[in-house]
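Work out the full structure: start from the sequences and follow the hints.
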Amino acid sequence: MARILAVDDRPVNLQFLVSLLGYDGHSVLEASDGQEALDITRDQHPDLIITDIEMPVMDGYEFVTQLRNDPGIAGTPVIFYTAHAKEAKFVAPPNGVARVLTKPAEPEMILNTVSSALGELSFTDRQMQTAGAGAGVESAAKIPDALIALQAVSLRLSALIELGLELASERDPQRQLDRFCSSARSIIGSNYAALGILDDEKQSIRTFVASTHDPDKKQDHNIPPAYHGVLGTVLTERRPVRLRNSFSDLGALDLSPDGSPVSSLLCVPLISPTDVYGWLYLLDKLGAEEFSADDERLAQTLAAQVTIAYENVVLYETAARNAEELDKTRRQELEMKDQFVSHVSHELRSPLAVIHQFVTLMLDGLVGGITPEQRENLDVVLKNTLQLREMISDLLDITRAEAGKLLFEQHGVSLLPLFIELERNYRERAAQKGILFLVQEPRGLPLVYADPQRLRQVLSNLIENAFKFTKRGKVTIRATWDEQPGFMRITVSDTGCGISKSGLRLVFNRLYQEETTVELSRKGLGLGLHICEYLVSLHGGRIWAESRKGHGSTFSFTVPLRIEEIRKGRDI
Amino acid sequence: MTRKKILIVEDDQDMRRALNVRLRANNYDTAFASDAIVALSVAKKERPDLILLDLGLPGGDGFMVMERMKNIDSLSCLPVIVVSARDPEGNKDRALSAGAEAFFQKPVDNEKLIAAIRRSLGDADQVLPLADQVSPIKV
Numbered sequence: 000m001a002r003i004l005a006v007d008d009r010p011v012n013l014q015f016l017v018s019l020l021g022y023d024g025h026s027v028l029e030a031s032d033g034q035e036a037l038d039i040t041r042d043q044h045p046d047l048i049i050t051d052i053e054m055p056v057m058d059g060y061e062f063v064t065q066l067r068n069d070p071g072i073a074g075t076p077v078i079f080y081t082a083h084a085k086e087a088k089f090v091a092p093p094n095g096v097a098r099v100l101t102k103p104a105e106p107e108m109i110l111n112t113v114s115s116a117l118g119e120l121s122f123t124d125r126q127m128q129t130a131g132a133g134a135g136v137e138s139a140a141k142i143p144d145a146l147i148a149l150q151a152v153s154l155r156l157s158a159l160i161e162l163g164l165e166l167a168s169e170r171d172p173q174r175q176l177d178r179f180c181s182s183a184r185s186i187i188g189s190n191y192a193a194l195g196i197l198d199d200e201k202q203s204i205r206t207f208v209a210s211t212h213d214p215d216k217k218q219d220h221n222i223p224p225a226y227h228g229v230l231g232t233v234l235t236e237r238r239p240v241r242l243r244n245s246f247s248d249l250g251a252l253d254l255s256p257d258g259s260p261v262s263s264l265l266c267v268p269l270i271s272p273t274d275v276y277g278w279l280y281l282l283d284k285l286g287a288e289e290f291s292a293d294d295e296r297l298a299q300t301l302a303a304q305v306t307i308a309y310e311n312v313v314l315y316e317t318a319a320r321n322a323e324e325l326d327k328t329r330r331q332e333l334e335m336k337d338q339f340v341s342h343v344s345h346e347l348r349s350p351l352a353v354i355h356q357f358v359t360l361m362l363d364g365l366v367g368g369i370t371p372e373q374r375e376n377l378d379v380v381l382k383n384t385l386q387l388r389e390m391i392s393d394l395l396d397i398t399r400a401e402a403g404k405l406l407f408e409q410h411g412v413s414l415l416p417l418f419i420e421l422e423r424n425y426r427e428r429a430a431q432k433g434i435l436f437l438v439q440e441p442r443g444l445p446l447v448y449a450d451p452q453r454l455r456q457v458l459s460n461l462i463e464n465a466f467k468f469t470k471r472g473k474v475t476i477r478a479t480w481d482e483q484p485g486f487m488r489i490t491v492s493d494t495g496c497g498i499s500k501s502g503l504r505l506v507f508n509r510l511y512q513e514e515t516t517v518e519l520s521r522k523g524l525g526l527g528l529h530i531c532e533y534l535v536s537l538h539g540g541r542i543w544a545e546s547r548k549g550h551g552s553t554f555s556f557t558v559p560l561r562i563e564e565i566r567k568g569r570d571i
Numbered sequence: 000m001t002r003k004k005i006l007i008v009e010d011d012q013d014m015r016r017a018l019n020v021r022l023r024a025n026n027y028d029t030a031f032a033s034d035a036i037v038a039l040s041v042a043k044k045e046r047p048d049l050i051l052l053d054l055g056l057p058g059g060d061g062f063m064v065m066e067r068m069k070n071i072d073s074l075s076c077l078p079v080i081v082v083s084a085r086d087p088e089g090n091k092d093r094a095l096s097a098g099a100e101a102f103f104q105k106p107v108d109n110e111k112l113i114a115a116i117r118r119s120l121g122d123a124d125q126v127l128p129l130a131d132q133v134s135p136i137k138v
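Keeping their order, the protein sequence lines are chains A and B.
Residue 415 in numbering that gives the first Met the number 0 sits at position 416 of the first sequence, with consecutive numbering throughout.
Residue 125 in numbering that gives the first Met the number 0 sits at position 126 of the second sequence, with consecutive numbering throughout.
Derived from the structure by calculation, the hints contain no laboratory data.
Chain A stretches covered by chain B per the calculated footprint, using a threshold of three residues with CB under 8 Å from any CB of chain B:
| hint | segment |
| --- | --- |
| 1 | 349 to 355 |
| 2 | 363 to 371 |
Counterexamples of contact, computed for chain B against chain A with all Cβ distances above 10 Å:
| hint | residue |
| --- | --- |
| 3 | Lys3 |
| 4 | Asn26 |
| 5 | Ser33 |
| 6 | Asp34 |
| 7 | Leu39 |
| 8 | Glu45 |
| 9 | Pro57 |
| 10 | Gly58 |
| 11 | Asn70 |
| 12 | Ser73 |
| 13 | Ala97 |
| 14 | Lys111 |
| 15 | Ala114 |
| 16 | Leu120 |
Since we're looking at a predicted model, the values are computed, not measured.
Ideal Cβ positions, reconstructed from N, Cα and C, are used throughout, including at glycine.
Here you go:
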């Protein structure tokens, strides 16, 4: 009868419209977006356009605007066929959209609307006229009916799937419930739908959302009591209820939002295996006198979907809250640990300081002469007091670091004086051990961006380790350009006993200690490399170790160049 | 030549004794106070040239002593070197802002401590730079 252009980005929807409109004798053109629709309209001049709103490339609103601006095609009647009917209503008048249909609409309603827009007799009326003409025509009309019904169902299912996906990704419980309620209403097809969520005590309704077919109609937003009439039955017996207006219950229920009489009701509980969350009820089935068994099953499916999605949101919110609590607790604990360790280390240092003073007094000859043997013994005591001091310092460092309170200030630092200082500090020790201590003086190398004290700490640690594990040969410190631009690489190599492959993986772990046969007396806490790793990464560099068991090890770390930091605008 | 006098404010008896031996060996006279309350009166009486101040003291703390000193004419310009078992973090800056010339964490490096004392008293034969790298003159 007429040439109609159907526009929708989902093929299943287009297919449906093509079959349906074709059944009523129209020829149908297809387009997947607004732009394509414009091109076809200009080319083919359809009598009517039925279009979705949400489409890629160009949406329905833009399409209609452009249509009305093109004199050759501006007068073409347009029907919006969309899931978001509420929004469409606001836009429709200025753009001159003839009708708005909500997805998924009954096939008959679509055909009637199309006929009306074309200025023809409605589909229903024509069917009634034809029905009077004889049985033959009736049976011929039945088969396509079944086909239409099947396609209507597939449309509903696709709407269901879409809703499920949307709900699963919605984080806001209020929006989730809103969306669900209006979708339930349009998918099942009723005049009004309302959803209520119970509070934690399961006594009254905490959250209530509603959706009406006609958003302009005045509504009474009184929330019905949770256990009011059949609503109570639904909650306590955890089963759905369907009512027709022939039952007096319906009128007495007084659920109508605008005071008009209610003709049918469908109510389902929102339940999980362990809990009942609330109810969903629909009033006034559209296009029929009552809600069908199919409608009830559909409502239960929808209820199950929203319950799962809602439970997820609640769980998510609880988990997020717990995580926050846990984080706060952990931070408090770290703070307490930091204060405790700080206090304890202070207490430990006092007697240690006394021991240190008295031993040094003797060693410095300030309380009389000492024999070489006595000196040797006192040296051992001194060495151990210094080690104890290191251990206390390490303990404090690592606790500070964990509580996020390690003081750290980077600025331009020259490596040369640092290397010179280290060479001087360890020169004697190297001579005593009979190993060579080589420091490649980094002349001509640029400034690095570091905290000088922490840099010294890292290097001292690495050098200490190198000495600890080397019986003969040499320990070398070197500074070179790193292959990563903007960084200097510093290496400490030794010809000591090396680290096993398994040890290499664990060597930076807290409290890891490699077995040593060299200096059994110098064990330490095992925190040194762990602290080094932390400090190096604070600087923005990285640290790693290479080693061959029996041949020696090389520890390398990178530190950023000052010039790079200036370029990035960080150093003033 | 009269020897300069150093007031040792330290609550640990053993530590006082050890410091006494060391300072005397370095040609300084010594005086003692063992808590924050008597520290100032002892300082007024003994008129030291420098104070070695512990932070953890009974009856207050080293910071309190430094604060009070500022309000006493005869003490307000007296150099103070803090020697403490407390962590430098936080305490060092606070001590230096309160007017201390240096902060040493216990156990101290004796050479560096003596060098700092000499520096504050202007005793050194040469002017020593503030950097830690140079060794002081041994007694």
